[in-house]
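Trainee: Can you build the whole structure from these sequences, using the hints too?
There are 2 protein chains.
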Amino acid sequence: MRLSKRGEYGLRAMIILADTPNPEGPYPVLQIREISTREKIPAKFLEQILLTLKNAGLLHSKMGVGGGYYLAKPPSKITLGHIVRILDGPLAPIRCVSQIAYEPCGCPDAKTCGLRMVMGDVRNAIATILDNTTLADVAQRVEAARSS
Amino acid sequence: MRLSKRGEYGLRAMIILADTPNPEGPYPVLQIREISTREKIPAKFLEQILLTLKNAGLLHSKMGVGGGYYLAKPPSKITLGHIVRILDGPLAPIRCVSQIAYEPCGCPDAKTCGLRMVMGDVRNAIATILDNTTLADVAQRVEAARSS
DNA sequence: TTGATAGTCTACTAAAACTATAGAATTTAT
DNA sequence: ATAAATTCTATAGTTTTAGTAGACTATCAA
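Chain order of the listed sequences is A and B.
Mapping the first sequence onto the working numbering, position 60 (from 1) lands on 62, and the numbers just tick up by one.
Mapping the second sequence onto the working numbering, position 64 (from 1) lands on 66, and the numbers just tick up by one.
Calculated directly from the structure, the hints in this document are not laboratory data.
Some hints could be false.
One copy or two, it doesn't matter: identical chains are merged, so the pair holds either way.
Below, a list of computed lysine to any residue pairs in the SDA-like style, where the Cα atoms sit at most 20 Å apart [to be verified]:
#1 7 / 38
#2 113 / 149
#3 64 / 54
#4 42 / 6
#5 7 / 91
#6 64 / 8
#7 42 / 29
#8 113 / 21
#9 7 / 92
#10 113 / 101
The model shown is predicted, which means the values in this text are computed figures rather than measured ones.
Mentor: Now the structure itself:
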């Protein structure tokens with residue numbers, strides 16, 4: 003039930019992008035190197051991850067001097083579930099309970115497959131959390147923890 | 003967030019072992035070949051899995067003619083969480099929220115790490131389901147689905 | 001217009017994990 | 001003895017993961 007480094011790094015980067023205040027404009031723009039240094043992520047690896055996130059429409063970027071990455075939408079509109087799915091694929095433990103990548107499993111009757119029932123519950127539990135937690139929610143929780 | 007084939011096969015085998023009624027005695031004894039045929043699991047692979055489960059204390063076995071595998075405890079005492087942990091390792095998406103295989107992550111302060119908070123919730127959601135679902139519960143749900 | 005900065009894109013590689021397969025050894029019942 | 005089972009260790013093929021490399025393109029400022 004593990005999250006890959008790819009997924010972890012991507013989430014950390016998005017959280018930082020949402021959480022860094024920008025006095026100069028509407029959104030914070032961070033460079034790969036900045037994020038990689040702050041979060042101790044290999045720069046070239048992070049580069050790939052951010053590019054993937056960009057191509058999926060979650061990030062925008064600006065090339066050249068003073069450029070970098072910034073969120074394509076407000077933090078309150080980006081869910082962790084979306085990020086994880088892009089980087090790590092379906093949330094479901096087994097394909098036959100996946101909403102986005104369903105595949106039939108080998109069981110004779112899906113309706114009465116015990117494993118399928120339980121794993122369906124697990125999928126729903128994971129999806130309920132990740133699809134209902136936005137980057138804004140994360141920022142808020144961090145803030146609350148800091149001030150306590 | 004995927005369950006490996008190993009984990010899936012192991013769970014299916016345990017569910018079958020719990021669900022097969024045995025008119026001759028207190029517990030059903032099934033052979034590797036029987037399970038592998040019924041569930042379409044490669045026999046040699048299943049062999050390893052059952053052996054692992056046996057060494058972990060969840061199964062007992064009998065060698066020789068008329069032998070096979072049977073549950074070491076009543077189905078109501080065996081949780082899916084236990085089985086998954088034996089075959090697939092910790093339930094936690096990242097190590098820093100694992101109860102049984104904790105490792106510190108790179109974040110500067112664990113108390114205020116947003117990713118850690120959310121993944122802690124995910125871990126708890128998964129563990130709540132799998133640690134509170136026994137083989138007996140699964141059998142009951144299957145029975146209910148069959149008769150409806 | 002040149003140089004520095006920063007993202008884009010594709011390919012590649014090493015290591016680990018996953019999914020098995022092989023085969024010899026051991027135990028048990030008849 | 002023989003057949004039926006599990007036991008145990010090694011190994012092999014494939015896929016995934018994690019990371020590296022390098023050439024290319026866009027932007028800005030002097």
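Trainee: Hint by hint, say whether it matches the structure.
Mentor: Results for each hint:
{"no.": "1", "hint": "7 / 38", "in the structure": "within (13 Å within a copy, 34 Å between copies)"}
{"no.": "2", "hint": "113 / 149", "in the structure": "between (49 Å within a copy, 11 Å between copies)"}
{"no.": "3", "hint": "64 / 54", "in the structure": "within (15 Å within a copy, 53 Å between copies)"}
{"no.": "4", "hint": "42 / 6", "in the structure": "within (16 Å within a copy, 29 Å between copies)"}
{"no.": "5", "hint": "7 / 91", "in the structure": "both (13 Å within a copy, 17 Å between copies)"}
{"no.": "6", "hint": "64 / 8", "in the structure": "neither (22 Å within a copy, 45 Å between copies)"}
{"no.": "7", "hint": "42 / 29", "in the structure": "neither (23 Å within a copy, 54 Å between copies)"}
{"no.": "8", "hint": "113 / 21", "in the structure": "between (44 Å within a copy, 16 Å between copies)"}
{"no.": "9", "hint": "7 / 92", "in the structure": "both (16 Å within a copy, 16 Å between copies)"}
{"no.": "10", "hint": "113 / 101", "in the structure": "within (16 Å within a copy, 34 Å between copies)"}
Going through the hint list in order, the structure does not satisfy hints 6 and 7.
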